[in-house]
Every structure is written in structure tokens, then in C-alpha cells.
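Colleague: Just so you know, the protein sequences line up as chains A and B, in that order. Counting from 179, one number per residue, gives the positions in the first sequence under this note's numbering. Counting from 179, one number per residue, gives the positions in the second sequence under this note's numbering.
Just so you know, the hints here were simulated from the structure itself, not pulled from any lab data. A hint or two may mislead.
Below 30 angstroms or equal to it, Euclidean Cα-Cα: the simulated DSS-like pairs (lysine-lysine) are [unchecked claim]:
| # | chain 1 | residue 1 | chain 2 | residue 2 |
| --- | --- | --- | --- | --- |
| 1 | A | K269 | A | K231 |
| 2 | B | K183 | A | K430 |
| 3 | A | K430 | B | K328 |
| 4 | A | K231 | A | K263 |
| 5 | B | K430 | A | K269 |
| 6 | A | K238 | B | K231 |
| 7 | B | K269 | A | K430 |
Source: prediction; values computed, not measured.
Spelled out from the first residue to the last, the chains are:
Number of protein chains: 2
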Amino acid sequence: MDNSKPTILVTNDDGVFAPGLRKLISIARLYGNVVVVAPDTAMSGMSHAITVKNPLRLRKIAEEDGYVEYSCNGTPVDSVKLGEKVVVRGKPDLVLSGINHGSNASVNVVYSGTMAAAIEACIDGIPSIGFSLLDYSHKADFNAVDKYIKRIIEDVLEHGLPQGVCLNVNIPAIKAHEIQGIKVCRQARGRWVESFDERIDPHERDYYWLTGVFEDGSADEDTDSWALANNFISVVPIHYDLTAHYALDNLKSRNLELKG
Amino acid sequence: MDNSKPTILVTNDDGVFAPGLRKLISIARLYGNVVVVAPDTAMSGMSHAITVKNPLRLRKIAEEDGYVEYSCNGTPVDSVKLGEKVVVRGKPDLVLSGINHGSNASVNVVYSGTMAAAIEACIDGIPSIGFSLLDYSHKADFNAVDKYIKRIIEDVLEHGLPQGVCLNVNIPAIKAHEIQGIKVCRQARGRWVESFDERIDPHERDYYWLTGVFEDGSADEDTDSWALANNFISVVPIHYDLTAHYALDNLKSRNLELKG
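With the hints as extra help, turn the sequences into a complete structure.
Modeller: Here is the structure:
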């Protein structure tokens, strides 16, 4: 192992066998010693969930000089914690999550296991990036986007990130020559219009499947939704201070704060 | 059912039988027709996870005039979705989550199922409040805090909340007469210093339990950590725009945005 190289922890939420993870590993290995800890099954929609009721287990899948790969029975956030505390036993220099199969732009970031893994690293003070390609298929073509992913990784390895900030990178599912470039933007305010598909099982009991259609809402030019719709790769700086600072004055002006 | 009364959806993440939920239900029933949908088991640390791999089920536990109660096999966020789309079949006027057994102040909000339920309602445009008491015990004394919880609920029922904002209310585990009042504040930047308790099972295989100690960091006077340490009830306005707006300029000044 070349100790002069950075240590890069790679994870995802689609599980250890997802093609998007394989692609991200192959890129990460160009830049450093790579440690992979990824969920052993698909963990989409797990957000920032952590496992507290069950013990966690790690399974070594591969090891060679400068590379080690594990799966775990936990969530993407568990994977980051295990990667740091049990495998690296220290702070990696960079955490990469993805490449997710499907969008984590707009409000999707709230539900995303991919981005939760990046945010977890960020809470621990480690520069981190979540990557997503807007193609749910396991046959998604990740080759068109190599040079953009490399440019973003190189930039973060060289310059770091502001404290408490990680990156949410989304890539439109289009041909390489159609990509207009990279655009730094803010999270759009889209939402899922959802319903439940109500069914009856063979034992006459109701059950429900969540279904939904994404509604982009007004996608202003400075948002990730606009960038993606206009063939740009979107980069949103993400933090974990959920305070709606603009609402503090409104709340303080009410008479909530009286004693007793 | 009195249709002039508001419809209040109540959920939690400690599960349908938790004393904190029972307390919140008893308060909610003073103000409206109450629909309860809560997880059938403890769902602490589930954050904004949703169930996509398994079908969801609802079980009716109780029903009387102006009150219906279900448990479900999903997460707190699933509970809100099922409550809205399957039980209420429309938008409730208010969503209440909790009372959580344990703190959701500072960075805990990121991991919290209680607050994820409130945020989910907020994404759907419904005023919502998450309540937490800083006492993990199931024998926690929720009686000292009635009047404060009532005041906050009354204020939100009367004045609503700014669009896209919900409330994260944390209550110190102290006697009623020691409470200094309610304080509107911002999320502190604390963090968990974690490690894994590494064990070997009877079959000689390693497994890991996540353990940790919370580190409050510098708790400035305008933060929830300060408020709680100084015997105030903390109220933080929370939103789901994770954009670190202050970091946009830094990122735009890099040469990421060049084409091709």
C-alpha cells in the first residue's frame, strides 16, 4: 500500500453488487488506496437510518494491495461508520457515495441513502461527495460521465470543501456529447405526489405499496432541477444544519417565549 | 365526529405503545379529531427512511367518536404517508410527532424518526411539530410539561407556520417549576463520538454494536443545546432545504463549471 496516497472510503445505497458502485470504485482507485464498505442488499430510501436494534456484521469480499472491500448488513450510514471505525480505524481522506441509480436532486436528497452516507462523513469532518445518475436501470451507461466525476473528485482532493459541507452531484442520463457542463446550484423545491396501491393478499388482508410521481414545481434557473432538465450536471453544496434561519424572527415575535 | 374541529394526525418513532405517544394523544384530543398511525415496533434512528421493498400493513387498534388509532409495520415517515393517504384520505390540519423518549436537539435531528415524521408532513404542506423529552426511560414523567406543549400546539393551530417550516421542540427532563420557559433557537453543532463494541458470537464470528457519547461542542447562547442546558424548552424551526447557501460562492469560484 502506498501511504503517500489518500485513503478513499467508497459506499452506496444500491448495495455492494450495483454497477454504479463498481464504476465509482474504478474511478476512486485512480486516486488512492480504496476501502469499500457497502450494504449487502439494496438500501434505497433508507435516508439517514442507523441500525440500533440488531448487531452489525462485516464480510470481506476482496483484498489486494491498496484495496479492500467489505459488505455489511447495515444501512449506508452504518457502512460509513463501520468503514471509519472498524476498517480504516481513523479518518479516510475522502468519502465517495454512489453512483446511485436514480435522481437525488431536489427533495429526493431527504430520502436518499446515498446522500445520507455523504452527510454522515461530513458530520465527521471528512470531505465527501454523493454521485447519482438519473437512470434507474442496472444497465445504465456510466461511461459517458467519467471525466466529470474525475474533475469533481480532483477538485475536492486538491481544495477540500468548506467545513460542514458535502456535495450532491446529479448527472443527467444523456450521451456524453449532450452534457452542457457542470453547474453549481441550490436544491429545488420539488415534491412527490404519492398514493398507495391498495391490494388484498390471499388471506383476505389489505396491504399497501407506496407509489408516486415526482412533481418538479417551479424550477428556477439556479436550481438542480433546472440544471438537469437543461443537460447540466448539478452540484449542490449540502449541510446538516436544518434550522430555517429565516423563520427565527417570525417565531420569536410570537408570545411563545414567556415563562410559566 | 365534530367536523368543526381540526383533524390532528399523531405519530412517533418509539412505537404505538410508548408512554410518550399516549401523552401526546391525550393532549391532541383536547384540540381536535385525532387519527393515530404509529409504528408497531420501536423505530428510533430510522431518520427519513421509507419502506419500498416490503408491502405496508395497517392494524386498527381503537376507534370511537372523533378518534381512530392504527399501528403499521413501517417507519415514522411511512406512518405519516399512510395516515394521510389511506386513513384521513386528505390533508390533516396538524401533524404531531412524539413525545420522543430522548433528545432530538442538535445533530440528533438528522437521525431522528420523530422529526422525520414532522418533516414529511411539512414537505406535504401540513403544519407539524415534533416533541422530545430528554429522558430515555419509559417511566419518564411527561406531566410537568403539559402546559408548554399545549401553548405551542395552540399557537400553531392559531397562527400556522411559515411555508416549508416545522418545529423541533425539546424539553429538558426536570421538574415543572425548574423550567425557565420556551426559547426559540437554532440547531447546535454537536456530534456523536462513536465506537463499535466488537464481540464474537458463539459461532466464532465477529459482530458489532454501535455505541457513542454525545459531544455538545461549543453551545452558543442562541442554540438548542444551550437552551436545554439552561432549563429552557427549545423550539427550532426546521426546513428540508439542505443547500448550504453560504457555500455556493466558494464552489462557483472554482473552475468546476467549464464545459466538456
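Colleague: Does each hint hold? Answer for all of them.
Modeller: Status of each hint after checking the structure:
1. K269/A with K231/A: 26 angstroms, holds
2. K183/B with K430/A: Roughly 27 angstroms separates the two Cα atoms, so the pair holds.
3. K430/A with K328/B: Between K430/A and K328/B the Cα gap is close to 17 angstroms, so the pair holds against 30 angstroms.
4. K231/A with K263/A: Between K231/A and K263/A the Cα gap is close to 19 angstroms, so the pair holds against 30 angstroms.
5. K430/B with K269/A: Status holds; Cα separation ~27 angstroms.
6. K238/A with K231/B: Holds. K238/A to K231/B sits at ~25 angstroms (cutoff 30 angstroms).
7. K269/B with K430/A: Given that 30 angstroms is the threshold and the Cα spacing comes to 27 angstroms, the pair holds.
The structure agrees with every numbered hint stated previously.
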